[in-house]
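Visitor: Chain by chain, the residues:
4 protein chains.
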Amino acid sequence: MDDQAGLEEASPEIQARIQKSFDRQGLMGHLGARISHIGPGRVHIVLPSRPEVTQQDGYFHAGATSAIADSAGGYAAFTLFPEDTSVLTVEYKVNLLAPAVGDHIEAVGTVLKAGRTLTVCRLEVFGAQDGQRKLVASGQQTLICV
Amino acid sequence: MDDQAGLEEASPEIQARIQKSFDRQGLMGHLGARISHIGPGRVHIVLPSRPEVTQQDGYFHAGATSAIADSAGGYAAFTLFPEDTSVLTVEYKVNLLAPAVGDHIEAVGTVLKAGRTLTVCRLEVFGAQDGQRKLVASGQQTLICV
Amino acid sequence: MDDQAGLEEASPEIQARIQKSFDRQGLMGHLGARISHIGPGRVHIVLPSRPEVTQQDGYFHAGATSAIADSAGGYAAFTLFPEDTSVLTVEYKVNLLAPAVGDHIEAVGTVLKAGRTLTVCRLEVFGAQDGQRKLVASGQQTLICV
Amino acid sequence: MDDQAGLEEASPEIQARIQKSFDRQGLMGHLGARISHIGPGRVHIVLPSRPEVTQQDGYFHAGATSAIADSAGGYAAFTLFPEDTSVLTVEYKVNLLAPAVGDHIEAVGTVLKAGRTLTVCRLEVFGAQDGQRKLVASGQQTLICV
Numbered sequence: 484m485d486d487q488a489g490l491e492e493a494s495p496e497i498q499a500r501i502q503k504s505f506d507r508q509g510l511m512g513h514l515g516a517r518i519s520h521i522g523p524g525r526v527h528i529v530l531p532s533r534p535e536v537t538q539q540d541g542y543f544h545a546g547a548t549s550a551i552a553d554s555a556g557g558y559a560a561f562t563l564f565p566e567d568t569s570v571l572t573v574e575y576k577v578n579l580l581a582p583a584v585g586d587h588i589e590a591v592g593t594v595l596k597a598g599r600t601l602t603v604c605r606l607e608v609f610g611a612q613d614g615q616r617k618l619v620a621s622g623q624q625t626l627i628c629v
Numbered sequence: 484m485d486d487q488a489g490l491e492e493a494s495p496e497i498q499a500r501i502q503k504s505f506d507r508q509g510l511m512g513h514l515g516a517r518i519s520h521i522g523p524g525r526v527h528i529v530l531p532s533r534p535e536v537t538q539q540d541g542y543f544h545a546g547a548t549s550a551i552a553d554s555a556g557g558y559a560a561f562t563l564f565p566e567d568t569s570v571l572t573v574e575y576k577v578n579l580l581a582p583a584v585g586d587h588i589e590a591v592g593t594v595l596k597a598g599r600t601l602t603v604c605r606l607e608v609f610g611a612q613d614g615q616r617k618l619v620a621s622g623q624q625t626l627i628c629v
Numbered sequence: 484m485d486d487q488a489g490l491e492e493a494s495p496e497i498q499a500r501i502q503k504s505f506d507r508q509g510l511m512g513h514l515g516a517r518i519s520h521i522g523p524g525r526v527h528i529v530l531p532s533r534p535e536v537t538q539q540d541g542y543f544h545a546g547a548t549s550a551i552a553d554s555a556g557g558y559a560a561f562t563l564f565p566e567d568t569s570v571l572t573v574e575y576k577v578n579l580l581a582p583a584v585g586d587h588i589e590a591v592g593t594v595l596k597a598g599r600t601l602t603v604c605r606l607e608v609f610g611a612q613d614g615q616r617k618l619v620a621s622g623q624q625t626l627i628c629v
Numbered sequence: 484m485d486d487q488a489g490l491e492e493a494s495p496e497i498q499a500r501i502q503k504s505f506d507r508q509g510l511m512g513h514l515g516a517r518i519s520h521i522g523p524g525r526v527h528i529v530l531p532s533r534p535e536v537t538q539q540d541g542y543f544h545a546g547a548t549s550a551i552a553d554s555a556g557g558y559a560a561f562t563l564f565p566e567d568t569s570v571l572t573v574e575y576k577v578n579l580l581a582p583a584v585g586d587h588i589e590a591v592g593t594v595l596k597a598g599r600t601l602t603v604c605r606l607e608v609f610g611a612q613d614g615q616r617k618l619v620a621s622g623q624q625t626l627i628c629v
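Going down the list, the sequences are from chains A, B, C and D. Under our numbering, the residues of the first sequence are numbered 484 to 629, in order. Under our numbering, the residues of the second sequence are numbered 484 to 629, in order. Under our numbering, the residues of the third sequence are numbered 484 to 629, in order. Under our numbering, the residues of the fourth sequence are numbered 484 to 629, in order.
Chain A with its partners taken away, still in its complex shape:
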């Protein structure tokens, strides 16, 4: 959905590997998140609006926003990792730029620098409402291949 028209898709094998790992993340299912795009070095995750993901003013909670951002970046890195490896988040930093509102939010993780041990991703989260998108969070993440 959203703006991934024209984006390059990862191979079916890699897409299957990412989706299988995602399906094992209890938190993603519990929040109601789903993957909306898997490309080489780039993964999108969508989280629909619902009361279970809000903070005290009814916006998406920064924890929900960054949970899908963290997973999007982790899987973006994972698309570039060799088979039989796994990915762990070393650290991330995120700025909450605007109240996260909308029908849903979409996190986009993009590999900035791929390395043998460490990979660095850019994290962006957009609020989407009536076909309009607005950047609501932006960050950067370091991942390790183990």
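Everything labelled a hint here was simulated from the structure, so no lab data went into it. Be aware that a few hints might be false.
The list treats identical chains as one, so a pair stands whether inside a single copy or across any two.
No farther apart than 20 Å at their CA atoms in a straight line, the calculated lysine to aspartate or glutamate pairs in the EDC-like style are these [what the hints assert, rightly or not]:
1) Lys-503 <-> Glu-535
2) Lys-503 <-> Asp-540
3) Lys-596 <-> Asp-586
4) Lys-503 <-> Glu-492
5) Lys-617 <-> Glu-492
6) Lys-617 <-> Asp-540
7) Lys-503 <-> Asp-586
8) Lys-503 <-> Glu-566
9) Lys-503 <-> Asp-567
Using the hints, position chains B, C and D against chain A.
Guide: Same frame as chain A, but now just chains B, C and D:
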């Protein structure tokens, strides 16, 4: 629970204000998190282990870990804010130091620097198992009083 | 120099305001840094290679790399601030992606989100050698208008 | 100087290894910084006030503040690394909590979590004037052993 024996408690008014705001955070209830301590400039939040908060290897998801860390830091700042204000997270950074495992994890948010506009908190998350505690995440957060 | 051909320039008044403030930063002169571009919401700063800015292996020191990144982001924000205000760095985070080598490095600060109180910038630093440019550092910065 | 009375000292071999590496950092000498303490997992670096390290208002430049913080953290990690390794900064984040003023500033790098590959340090910088110390910057840093 855990190590808050001997910690200073915030006033009943402030405790009530924090708890009321927390109860309106849909995400915290949905995750199963609860406040375990409210002191002046310091708040603890506990999250019990359950499949709904895991990543693909069964550990606590970094998103769950940082969601309670973000709320703990936000409420730690909020204990020092004037009435009729509210608190928003500007940004935070967190390092995942070790796999987050245990019966539960506990986030501790502590005000490092309180300001009229901006407040900076230290964020720590401990994994707790059989009475043992281990630091599993550490970070820093900037909040704004609005 | 480098790739700013075609970039939009800020007004002469704004350029003069930025340059005047920069000239008062003792550290920038001491390092040998100079401004190479001032556009609306975007500033570039160049630092030539010299032994006085190295770490123990002869690369640009992370402190020098981030000093010019911090100034580039601060001035990028400052181009959008009203007259009679000043800019302070609240915080920044930077990943050192590759050894910073080259004839010179160039920091690019770009406003991601401009606000009345807080502004968030993207920070990038490139190493330049023989006309080739490589991203050596990437980060994000929060600034306050006072 | 300052508050390191009573702090544990690293072995003479480790102290010599750190000092030798520090002396090869052109930037530290150029700024006028010097090591004031080397303990196991903890290093202090002092930077005296001089016009060459200021920003536009005459305070210590955030770039100078974070340059010595970065070196203090890097060397704190390095005290725990095996011989024949070296240390590189992966990333760091720093909050500038207050204007950095004083006769000198002192950065304290402390290992929070030592790992075989990655080490995480806490970074603190104090402004010192007439025997008074004030926390002016606080951050967190990830380092890699290579």
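Visitor: The structure should be examined with respect to each hint, and the outcome stated for every one.
Guide: These are the hints, each one checked on the structure:
{"no.": "1", "hint": "Lys-503 <-> Glu-535", "verdict": "between (24 Å within a copy, 17 Å between copies)"}
{"no.": "2", "hint": "Lys-503 <-> Asp-540", "verdict": "between (34 Å within a copy, 12 Å between copies)"}
{"no.": "3", "hint": "Lys-596 <-> Asp-586", "verdict": "neither (32 Å within a copy, 22 Å between copies)"}
{"no.": "4", "hint": "Lys-503 <-> Glu-492", "verdict": "within (17 Å within a copy, 46 Å between copies)"}
{"no.": "5", "hint": "Lys-617 <-> Glu-492", "verdict": "neither (24 Å within a copy, 26 Å between copies)"}
{"no.": "6", "hint": "Lys-617 <-> Asp-540", "verdict": "within (19 Å within a copy, 33 Å between copies)"}
{"no.": "7", "hint": "Lys-503 <-> Asp-586", "verdict": "neither (26 Å within a copy, 26 Å between copies)"}
{"no.": "8", "hint": "Lys-503 <-> Glu-566", "verdict": "within (13 Å within a copy, 42 Å between copies)"}
{"no.": "9", "hint": "Lys-503 <-> Asp-567", "verdict": "within (14 Å within a copy, 41 Å between copies)"}
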